[in-house]
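Undergrad: Below, each chain spelled out in residue letters.
Protein chains: 2
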Amino acid sequence: MRNRRCAVDKRLRQLIRGDKRVIAQTITTVENATDPKVLEQIFPHTGKAYHIGITGPPGAGKSTLVNVLCQHLLTDGKKIGIIAVDPTSPFSGGALLGDRVRMTDLSLHKDVYIRSMGSRGSLGGLAQKTKDVALVLDAAGMDYVFIETIGVGQVELDIAQVCDTTVVVLVPESGDSIQAMKAGLLEIADILVVNKGDREGSDRFMLELKFAFELREQVTGWDFPILKTIATKPEGIPELGAAIAAHRSYLEGCGMLEKARKIKLKRRIHELIENRISSHLREHMIGEHELDTMLDKMYRRKLNPFRVAARIADRIIRPQ
Amino acid sequence: MRNRRCAVDKRLRQLIRGDKRVIAQTITTVENATDPKVLEQIFPHTGKAYHIGITGPPGAGKSTLVNVLCQHLLTDGKKIGIIAVDPTSPFSGGALLGDRVRMTDLSLHKDVYIRSMGSRGSLGGLAQKTKDVALVLDAAGMDYVFIETIGVGQVELDIAQVCDTTVVVLVPESGDSIQAMKAGLLEIADILVVNKGDREGSDRFMLELKFAFELREQVTGWDFPILKTIATKPEGIPELGAAIAAHRSYLEGCGMLEKARKIKLKRRIHELIENRISSHLREHMIGEHELDTMLDKMYRRKLNPFRVAARIADRIIRPQ
Numbered sequence: 194m195r196n197r198r199c200a201v202d203k204r205l206r207q208l209i210r211g212d213k214r215v216i217a218q219t220i221t222t223v224e225n226a227t228d229p230k231v232l233e234q235i236f237p238h239t240g241k242a243y244h245i246g247i248t249g250p251p252g253a254g255k256s257t258l259v260n261v262l263c264q265h266l267l268t269d270g271k272k273i274g275i276i277a278v279d280p281t282s283p284f285s286g287g288a289l290l291g292d293r294v295r296m297t298d299l300s301l302h303k304d305v306y307i308r309s310m311g312s313r314g315s316l317g318g319l320a321q322k323t324k325d326v327a328l329v330l331d332a333a334g335m336d337y338v339f340i341e342t343i344g345v346g347q348v349e350l351d352i353a354q355v356c357d358t359t360v361v362v363l364v365p366e367s368g369d370s371i372q373a374m375k376a377g378l379l380e381i382a383d384i385l386v387v388n389k390g391d392r393e394g395s396d397r398f399m400l401e402l403k404f405a406f407e408l409r410e411q412v413t414g415w416d417f418p419i420l421k422t423i424a425t426k427p428e429g430i431p432e433l434g435a436a437i438a439a440h441r442s443y444l445e446g447c448g449m450l451e452k453a454r455k456i457k458l459k460r461r462i463h464e465l466i467e468n469r470i471s472s473h474l475r476e477h478m479i480g481e482h483e484l485d486t487m488l489d490k491m492y493r494r495k496l497n498p499f500r501v502a503a504r505i506a507d508r509i510i511r512p513q
Numbered sequence: 194m195r196n197r198r199c200a201v202d203k204r205l206r207q208l209i210r211g212d213k214r215v216i217a218q219t220i221t222t223v224e225n226a227t228d229p230k231v232l233e234q235i236f237p238h239t240g241k242a243y244h245i246g247i248t249g250p251p252g253a254g255k256s257t258l259v260n261v262l263c264q265h266l267l268t269d270g271k272k273i274g275i276i277a278v279d280p281t282s283p284f285s286g287g288a289l290l291g292d293r294v295r296m297t298d299l300s301l302h303k304d305v306y307i308r309s310m311g312s313r314g315s316l317g318g319l320a321q322k323t324k325d326v327a328l329v330l331d332a333a334g335m336d337y338v339f340i341e342t343i344g345v346g347q348v349e350l351d352i353a354q355v356c357d358t359t360v361v362v363l364v365p366e367s368g369d370s371i372q373a374m375k376a377g378l379l380e381i382a383d384i385l386v387v388n389k390g391d392r393e394g395s396d397r398f399m400l401e402l403k404f405a406f407e408l409r410e411q412v413t414g415w416d417f418p419i420l421k422t423i424a425t426k427p428e429g430i431p432e433l434g435a436a437i438a439a440h441r442s443y444l445e446g447c448g449m450l451e452k453a454r455k456i457k458l459k460r461r462i463h464e465l466i467e468n469r470i471s472s473h474l475r476e477h478m479i480g481e482h483e484l485d486t487m488l489d490k491m492y493r494r495k496l497n498p499f500r501v502a503a504r505i506a507d508r509i510i511r512p513q
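Chains A and B are the protein sequences, given in the same order.
No gaps in the numbering here: position 62 of the first sequence is 255 in this note's numbering, and each next residue is one more.
No gaps in the numbering here: position 289 of the second sequence is 482 in this note's numbering, and each next residue is one more.
These are calculated hints, taken from the structure and not from any lab test.
Just to be clear, a hint being listed does not mean it is correct.
[Claimed, not checked] Straight-line distance between alpha carbons at most 27 Å, and here's what the computed DSSO-like set of lysine-lysine pairs gives: (1) B/K490 - A/K452; (2) B/K203 - B/K271; (3) A/K495 - B/K459; (4) A/K271 - A/K203; (5) A/K490 - B/K230; (6) A/K490 - A/K271; (7) B/K452 - A/K322; (8) B/K490 - A/K459; (9) A/K203 - B/K495; (10) B/K452 - A/K490; (11) B/K213 - B/K241; (12) A/K495 - B/K322; (13) A/K457 - A/K272; (14) A/K230 - A/K457; (15) B/K490 - A/K322; (16) B/K459 - B/K322; (17) A/K230 - B/K241; (18) A/K495 - B/K452; (19) A/K452 - B/K495; (20) A/K322 - A/K230; (21) B/K322 - A/K490; (22) A/K455 - B/K490; (23) A/K322 - A/K203; (24) B/K322 - A/K457; (25) B/K459 - A/K490.
Keep in mind the model is a prediction, meaning the values are calculated, not measured.
The shape of chain A in the complex, shown without the other chains (with noise of 0.2 Å):
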């Protein structure tokens, strides 16, 4: 008993000092959650890293922003970790082939270490796995937690609830903003990118954009910037540091940060409790040979799944 604590503790130590290989295997015990209380013992080192969201359409090259603007950030002596969690994503294998060397090349750095999140299977919980992981990198002392998500669906949503900062990259291609703002991907935004800024129309995309925010920058107080970049160049990466760090000052300034850091803990707990009672659930729930009986008479109309579900529940719940 005593070993194995002394191990855990040499563990969660080499964790802390940043040890690759130590990150890898925790990541991998807290996606299959093998073991639950690698999280409770993680928690206490976390809180010092600033999460940042990229998210976007498809194709509106998040992985090379990613990519730049990390090597931006590395020659302030930054530690960082990057989470994929978009499919197509380079960082993930989704992409060409060219793009996989070339963030390889990033995934090589000493003060650089790149998780992709697989999306296939896991769909449910990829979000609170996510969440997981960016603690594990979090209590490893990466000053920066990179997640980049294809922004389309829930699971980015639910994503940019954990990220300090939020930065929407769109490209000057109408239909992807048209997308962008339906997916509800411009209210969660606290920074916008018009990546592929040389292509055509992308002056008056900038313009339509500055329109449609006019009226938001005055409702928040933080003078939301909306940036053209061309990651493949690179240009406008600096202006995006510095956006990033103007915003990081702005919710720190005002109390924000903390304010939604307790935010997101609170929401957080909630999911914790619905896992467990999830799982308490399954486990307890009905016998498979009573529920069958039960699946079949409701498959004929002769039972109410929704009053089966309200009975099954209160059998559950223990009364207040």
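Assemble the complex: chain A is given as a structure, and chain B must be docked to it using the hints.
TA: Showing chain B alone in chain A's frame:
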């Protein structure tokens, strides 16, 4: 009391007759969850509609395809419900005006009911709400319920689970197809459609897909069709209709339809129980003040959210 019951019965009869005004009102009630009894009341009248999912990347022409396919099916005197969850769908007001006008024509047909689901705000429960709306349309006597989703995220995979036949629509551009595969879309496809089949490279793309799916055919026993359509002309629509009918026959013939629907019911039961427990949780979890104090401690890493969540959950769960 008796009067209210009479009114409920009357409305239910109107719904079952397919009264469009009552369908609309019932859907609104269901969407807002203002009366949880409604779903209980309509459930016994469901189970007759055949659910067809139409999903694929944005710009694949899903809505146009649904439009012409419905016109094809209407000639058989069928009643059709359409649920548009795709935020870029003209059904839900997302596409160009020209499209929207064309779609409105269909919505004026006496045997067609179209409902669009907002993906904004209600994202969390979108898949579940969609299932509820499908139940309403089923009870309202629709022979077919089409559910059109933009195929990228969790919501689509969830929704595919309520469909008897899922049609994945692609266009002859490899980028889209790679993305679709990554998103797990092709795993849920029962029928694959290459729309805009007059575009360059469509034959090659069809061949690639056929090659990729050769293995799958042998595993499931269903002779997985890959069809070419040009929805705007329209071309290939009777063939698509026939493929859907063939898939239905296949499912019915081997008993799979019943089996799959029971699995869906089982999943639904789990969801319903979890919902009920979640709302119980929200009401009885913990006092706001107590939680705020705890959040403050957690923010300062003096208290562990994983342990807190476990404690609260155990307070709620009835010991078995």
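Undergrad: If a hint holds in the structure, say so; if it does not, say that too.
TA: Checked hints:
no. : hint            : result
1   : B/K490 - A/K452 : holds, 13 Å
2   : B/K203 - B/K271 : holds, 24 Å
3   : A/K495 - B/K459 : holds, 15 Å
4   : A/K271 - A/K203 : holds, 25 Å
5   : A/K490 - B/K230 : holds, 19 Å
6   : A/K490 - A/K271 : violated, 61 Å
7   : B/K452 - A/K322 : violated, 32 Å
8   : B/K490 - A/K459 : holds, 12 Å
9   : A/K203 - B/K495 : holds, 22 Å
10  : B/K452 - A/K490 : holds, 13 Å
11  : B/K213 - B/K241 : holds, 18 Å
12  : A/K495 - B/K322 : holds, 23 Å
13  : A/K457 - A/K272 : holds, 23 Å
14  : A/K230 - A/K457 : holds, 21 Å
15  : B/K490 - A/K322 : holds, 24 Å
16  : B/K459 - B/K322 : holds, 17 Å
17  : A/K230 - B/K241 : violated, 48 Å
18  : A/K495 - B/K452 : holds, 17 Å
19  : A/K452 - B/K495 : holds, 17 Å
20  : A/K322 - A/K230 : holds, 15 Å
21  : B/K322 - A/K490 : holds, 24 Å
22  : A/K455 - B/K490 : holds, 10 Å
23  : A/K322 - A/K203 : holds, 24 Å
24  : B/K322 - A/K457 : holds, 25 Å
25  : B/K459 - A/K490 : holds, 12 Å
In this structure, the hints that do not hold are numbers 6, 7, 17, in rising order.
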